[in-house]
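A.B. asks: Here the protein sequences line up with chains A and B, keeping their order. Mind the numbering: the first sequence is residues 1 to 191 in my numbering, read in order. Mind the numbering: the second sequence is residues 192 to 465 in my numbering, read in order.
Among the hints, erroneous ones may be present.
Under 10 Å between C-beta atoms, here's a sample of chain A residues computed to sit facing chain B [as the list claims (entries may be wrong)]:
hint : residue
1    : ALA24
2    : GLU38
3    : ARG114
4    : ARG188
Hints listed in this document are in silico derivations from the structure and should not be mistaken for laboratory results. Just so it is clear, CB atoms sit at the ideal spot from N, CA and C, and this is done for glycine as well.
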Amino acid sequence: MGLVVDAATPKLLEITKALRDKAALHNIMARAGAAVIEKHFVKLAFSNKNRFGRPNTFWKRMRGSVRPESSIAQAAVVMDRAVALRLFGGIVKAKFKKFLTIPLTKDAYGKSARQFKRTGTGGTFIRNFGDGEFYISRFIGSGKNRQIENLYKLVKRTKHNPNQHVLPPQLYIESEVKQAVNKWLNRRTGL
Amino acid sequence: MISKPVIWEAGLNTLRKRKALPTSLGTEDLRRIGGEVKRWSVFSAKIENAQGLQRINDVVADIIGGGEGPGASITEGKARLKEAFKALGIEVGDKGKVGTIEDPQSDARLQLIVRTQEEIARGYGKFIAGQDRDTLDMWPCWELVRVSPAGVPRDWEARWRTAGGSLYDGRMIALKNSDVWERLGDSMTFKDALGNPYPPFAFNSGMDVEDIDRDEAESLGVIEKFTPTPLPQERFLADDLKASTSNLDNTLRAVLAQDPTFKLDGDVLRLADE
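For reference, chain A alone in the conformation it holds in the complex (with noise of 0.2 Å):
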């Protein structure tokens, strides 16, 4: 005769218990991927240099962006759509305005054209070089060195190739939640 003791059944309650509890664990799995995609943009922030030699920060921004929902019915990571445009591609077309302006100079990165002046000496104004080419440019230096500098090239859409490495591999993703997952399972039945 023999004596079988059930130390499964217990554990599993408790894990069974544990997994009911929704809100809370789509809480860490909504956390535990926000926490992986953070940690990938910031390798994106120090590989991706600015074209204009300035510190990239739109990599940061994307990071500041990103940032965890759930509730009882799922789990989801949220961030800035310019992440979507860049990892599914796109055509950006100009809203509210008739074009998009482009920077061409580091004068001109992260301004709005408004933020020149548009009359006087320095002034901006528009350039057309015919076939819809269009620039804002002001002039700069004076006498034998005055010169036409063009700040922004106008365009009605331009158009993002997809990439999909702006996103960290999708099984990566899911592994790290799963380790998360299993920890607080841990934690919560105190296994």
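On the provided structure of chain A, position chain B as indicated by the hints.
C.D. replies: Quick look at chain B alone, frame taken from chain A:
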């Protein structure tokens, strides 16, 4: 004295309704006053116009809201602010400083206003959203990390030590409820600090925090195996408004004493009662 704590939104709304702070104060002076008040006025130094301050709030709210409206990008936000300041006659007093960061219409100043306000609002939101027991139990610590390159980085390790922090394998980690975070953002200790115990801790900072889980914190020796979970923190406007005026000069004291918005309680400056 403030008779009761106010929740964040209520406190901010209260601030919004009040008239502008004594705006003869410069940024340096305002920085000494305290976190929360400063958040809404520090970049408005020398802007003696309530409408200008309100416009800053409106622009930042649009940007943070992530709306699709024409003012929802930072670039457009700055342009809107510049136009508003121009229309309201908000400009630098010393013509020799046009275009510098002391010029409210300069790109440098507008950039600082809009970016920092946006970052603070997001930082506060993340801080409050993280104050639940499960999250604090799973990730009881923060690590101070660099999240974007800086042209001229501050010595954050030195700041960390000054704030009382310890290093673990060269990493700046502490429990989320540690006083280190409060001291790191203390403008009495660091002149460029913003006064909040969550990032951004200083102007134009490329630093932020990352969650560190319990296992990693234990393996590094930051916490012991059975260290209790940090308790959720509530942040009341009152905490962020309290400021020591012990280092203010007599002129500043005199200006503040004339403003009914504030009350000097010995050496501590507080909001007067409603």
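A.B. asks: Evaluate each hint against the coordinates.
C.D. replies: Going down the list of hints, with the structure as the test:
The restraint placing ALA24(A) at the interface with chain B holds, with a minimum CB-CB distance near 5 Å, inside the 10 Å limit. At its closest, the beta carbon of GLU38(A) sits 7 Å from a beta carbon of chain B; the interface hint therefore holds under the 10 Å criterion. For ARG114(A), the interface hint holds, the least distance from its beta-carbon to any beta-carbon of chain B being 4 Å, beneath 10 Å. Among the interface hints, the one on ARG188(A) holds; its C-beta lies about 8 Å from the nearest C-beta in chain B, closer than the 10 Å criterion.
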